[in-house]
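Fit chain B to the known structure of chain F by using the hints.
Chains as they are written, first to last, in the numbering used here: chain F, 1 to 349; chain B, 350 to 461.
It is worth saying that the hints were derived from the structure and are not from the lab. A few of these clues could be false.
[What the hints assert, rightly or not] A few chain F residues that don't get close to chain B, going by computed Cβ distances all over 10 Å:
1) Val-29
2) Gly-35
3) Ala-142
4) Ile-171
5) Cys-226
6) Ala-287
[What the hints assert, rightly or not] Here are some, though not all, of the chain F residues that point toward chain B, as calculated from beta-carbon distances under 8 Å:
7) Asp-27
8) Met-28
9) Ala-31
10) Leu-37
11) Tyr-46
12) Gly-63
13) Arg-67
14) Val-238
This one's a predicted model, so the numbers in the text were calculated from it and none came from an experiment. Note that the Cβ used here is the ideal one computed from N, Cα and C, for glycine as well.
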Amino acid sequence: MSGDLERRYRRVLRLLPRWYREQWEQDMVAAFLDGWLTGDPEADDYISVAAGPGCAEIASVIGLAVRLHLGGPGTPRRHAWGQAIRRAVLAVLLMHAVLAVDVLVSLVWRHRLVGWLPAPPGSVVVAPTGVWATVYCLVSAAWVVVFLTLALRDYRTARVLGALCVVPGLIALLQAHFTGMLPAPFGPWVFWVMVDLAPVLAMAAFHRDAPPVARRPWLLALPAGCVLVYGPVLALQVTDNVAWLPDFSGLCCILAALACLVHAPRAWSRRAAGSGLWSLTLVLLAAVAGAYRLVSLTDFLDDPHLTAVSLAELLILLAAVALVAPDAARAQTAAATPAPPLRPNAVAG
Amino acid sequence: MTAKPMTGQAFFVLTALADGPRHGYGIVGEVAELSQGRVRLKIGSLYGVLERLAAERLIEPDREEAHDGRLRRYYRLTRDGRRVLAEEAEIRAATARVVRARLGLAGAESAG
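Isolated chain F (complex conformation) (with noise of 0.2 Å):
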């Protein structure tokens, strides 16, 4: 009888996350009960009443768990979230990169570089000039080919790139705080935190053993991402309804909010496999939104119609964010490495 050492057993092996129990539990308590009982039914008796799982048996077990649960290498939480940030990190370049094609396209008008083009509108032509205006004018290149570069895989490239591309944006940050010219005290400060250093920090989940990013889906991302943001920016400015169009950190939260509600069906979906995975992206991506957008309030709370408009820009990322979250959850139990056909024929021995 081994009833009583099996449940002390199985009871540490309940530290272990659900997931990997149910592919390990039988087996594990299998092999700790062959190294106790003998086969004798007298001894193993007697061993079940007096013997339990020593110190050591204890450790491995809380070992392995706090491995398990804190996303250790080749475990599904930490699959999950290295995949979940590599694409928040995409995304999130892949939106400079859009701000940058028009700023780029901006100078190219400006400067009359395509002689078909007919001549700029009057707030095209009139730019800021000086050493930031061309320093900006080169960071948003740059931002072009950091998100190029990473979704062309060449990660030491994009690296080095991105980090170049923060430094500007600090020092303007820093020259404008100590000579007062800062338009808002906190938003710039978390636009540079989150949309520029957080992104190139967060690229060390490219690492080598991370799996290789879609080139293809990614690169086309760039002329839809134009697309989907200037197409409606150009209908509001052609109809004259620029008021429309929210600041930043708005545009920031609809965008995510849009994402979560196209992706919505399939993570409600039970046959798509995988939608965990973008379910937790788009999770990371309307937390980052969504606290730039709760930040970067306070810079205007005196003005009652735009911090109504700001809350409704939150509420709405939540309630799309809603939709979202539960696959996002079951994203960090479900969305295995790959994982051993664990169902062996069965022989009576």
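Okay, now just chain B, sitting in the frame of chain F:
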């Protein structure tokens, strides 16, 4: 891209499966014997290693057998597992030759 270094425990577990499938406790016993008693795997440690090796497709389940009312699952090396183990053994043997040469021990002449 360089491969990650293999841990000592993983090396012993793969070696324990080199000559045929073994079940969990069988691996524990074989590893203790291979290491001359220096490595005594606890069950939690063993299944941490087995899970990683299975995720890397270096081992796979072979069969299950009922024994005293318990189901023992046997594991075997995959083709990749056999290749990786052979490569690791080569690396370790080469390192051992260098060590012997530097210490001036017998059999060091083949080091190079």
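Hints versus structure:
| no. | hint | in the structure |
| --- | --- | --- |
| 1 | Val-29 | 8 Å, violated |
| 2 | Gly-35 | 6 Å, violated |
| 3 | Ala-142 | 27 Å, holds |
| 4 | Ile-171 | 36 Å, holds |
| 5 | Cys-226 | 34 Å, holds |
| 6 | Ala-287 | 29 Å, holds |
| 7 | Asp-27 | 5 Å, holds |
| 8 | Met-28 | 5 Å, holds |
| 9 | Ala-31 | 3 Å, holds |
| 10 | Leu-37 | 7 Å, holds |
| 11 | Tyr-46 | 16 Å, violated |
| 12 | Gly-63 | 6 Å, holds |
| 13 | Arg-67 | 7 Å, holds |
| 14 | Val-238 | 50 Å, violated |
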